Amino acid sequence: MIKVTDLKKLYGQQLAVDHISFEIKKGEVVGFLGPNGAGKSTTMKIITGALAPTSGIAQVGGFDVFENPIEVKKKIGYLPETPPVYSDMYVFDFLNYVAQLKGVESQKLKAQVDMALEKTQLTGVKNRLIHNLSKGFRQRVGIAQALVSDPEILILDEPTVGLDPKQVSEIRHLINQLKGYHTIILSTHILPEVEATCERVIIINKGKIVAQDSLAALTKLRSGREKVFLSVRRSEGVFEGLKQLPFVAQVENSKESYQFEVTIQNQETDVDLLARWVLDHSHGLIEIKPVQSNLEEVFLNLTYGQKTEI
Amino acid sequence: MSKIFPNKGIVNRIVVSKGTYAIFKKEIKGFLTSPNFLLVAALTATIMSWVFPNMLRMFDIQAKSAQFGGAQGPSQALNIHYGLFLRHLSYVNLILIFIVPALTMKLFSEEKKLKTFDLLLTSPVTSAQIVTGKLLAALSAVGVVMLVTLLYPISTRTFAEFSWSTLLVAYLGIFLVAAVYTSMDLFCSSLTESGILAYVLAVILNVFIWFIGMGVDVVDSSLARAIFEHISLNQHLSGMVEGTLRTTGLIYFSSLIFLFGFLAERVVESARWR
Ligand SMILES: Nc1ncnc2c1ncn2[C@@H]1O[C@H](COP(=O)(O)OP(=O)(O)OP(=O)(O)O)[C@@H](O)[C@H]1O
Ligand SMILES: [Mg+2]
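Here the protein sequences come in this chain order: A and B.
In terms of this note's numbering, the first sequence opens at residue 1 and continues consecutively.
In terms of this note's numbering, the second sequence opens at residue 1 and continues consecutively.
Think of the hints as simulated: they come from the structure by calculation, not from any bench.
For clarity, every value in this text was computed on a predicted model and none was experimentally measured.
Rough simulated footprint, nothing fancy, chain B against chain A, three-plus residues with beta-carbon under 8 angstroms:
no., region
1, 42-56
2, 71-77
3, 100-106
We treat Cβ as the ideally placed atom computed from N, Cα and C, and that holds for glycine.
Looking at chain A on its own, in the form it has when it is part of the complex:
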């Protein structure tokens, strides 16, 4: 659906996107993840045709964005970083205008606008002046205008920024509902967002892709080994005893003396062995659970980790 090859963007001397390539299939929900200034927005602008790349190719649905811009733009609904709303227009009129601008046929106009209002729960404020709406509602109008032409592809640049927690979860719920109907790209620096909505992540740092994979694969990326959290009642000799075990690679004593983080070779069977060892030596098992190396760790390792290596 979306194919980007060797994309590069220079703002004057400033390198914003550095030879990026990736592909997104129809129906996928992909998150662009990266710290400030990574080049997420720039990449999105290039795909939507708002910005020309310095070099490289962006294709959408088989069309080159810059050779067939009209065809491409018909397929895309785009929410920029700042919601593109006219404060002196009414919500309904604005969505109606965007729908016409996007070439929605006049018979379908009303239905499409109503659909966008409904999905973003704006029906109650449709006759309000956008100027009088709160920031969160304006953001929702921004999402509604991306939806109003019922595009195949949705490109959302930080869709939940500036929203209160309830609205954030509503928007995530909405994105989850839209899954399957649209191909979705969203950008964020908030990790839970990716975890909550995306199937695949593309991590960008300083204009380069540092990792791209499914969420599950990325979380396991750290190593083939797994960490488990172990808590016992009687901790004498546990630390030394664990170190002797053949399937244990590393043991860390947590703050509390009876809690340990044990790195084992292969989680499937070794956890059983570990549990049996604790029971056999009557250390008193309280708790044993896998420590998820969460995306946050992966993200920090991949982006900020790099910096410290230099």
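Once you've looked at the hints, dock chain B with the ligands against the given chain A.
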């Protein structure tokens, strides 16, 4: 539209589309509901209501003195088209120089400031279609203001005889001048994020293009004179005030309108090439 022009190559090159119409409608509605536009129209009416009776009185005095003194003064002065309407049009022109920028200043600058420009850039419309939609809307707004000023000469019909067609051709002339300003001022708006700056720039450009024709009186060489005569808006307009339409005039006005429309289109397109 796409059904009529299934070939996307043609659609791309075409300047008017459904999108153009959507932009046109939105801007027209914007004008009609904005206090700015009403203020401009009211201001124009106020100035005219003050200036026009004065001009009328002067014309009356002239006409009377011409009657008493036989055929003394130039016979033109007696003609209502010269004696009154030409003067009226020069006032209309003066007003246009300042109010057209007020109508156009926000058309692009506001989009850039509010970041709604990205919406236009990512919609299935070409830059030419965007500019056309805005230009047509601005022309309609300017047209409404000009209709207000047209009421004054029309009102003299109650006590004076004049030729309708001459007046209308004269008004077509001043409308073309207004269209040149509109196109130019829209271009100014596309250059900046600041509405105020766009206004100032536009007024300067309007004054410049109007006064460039004054070169006729300054230069000696006949070639330079001919050039200045050709690029003088005033020169082309005065022909139309007499009621004569010349193709050179029409071509000159339309090429200026097109030129600045084209420049605005280039500026809009260049937003993709930051
Ligand atoms: N119009 C511009 N002119 C010059 N430099 C720019 C421009 N826009 C972005 N940049 C630079 O390009 C780089 C990438 O910016 P971009 O906005 O794509 O980052 P981002 O990943 O979206 O960041 P954020 O998370 O803060 O939104 C940054 O270093 C930024 O300073
Ligand atoms: Mg960004």
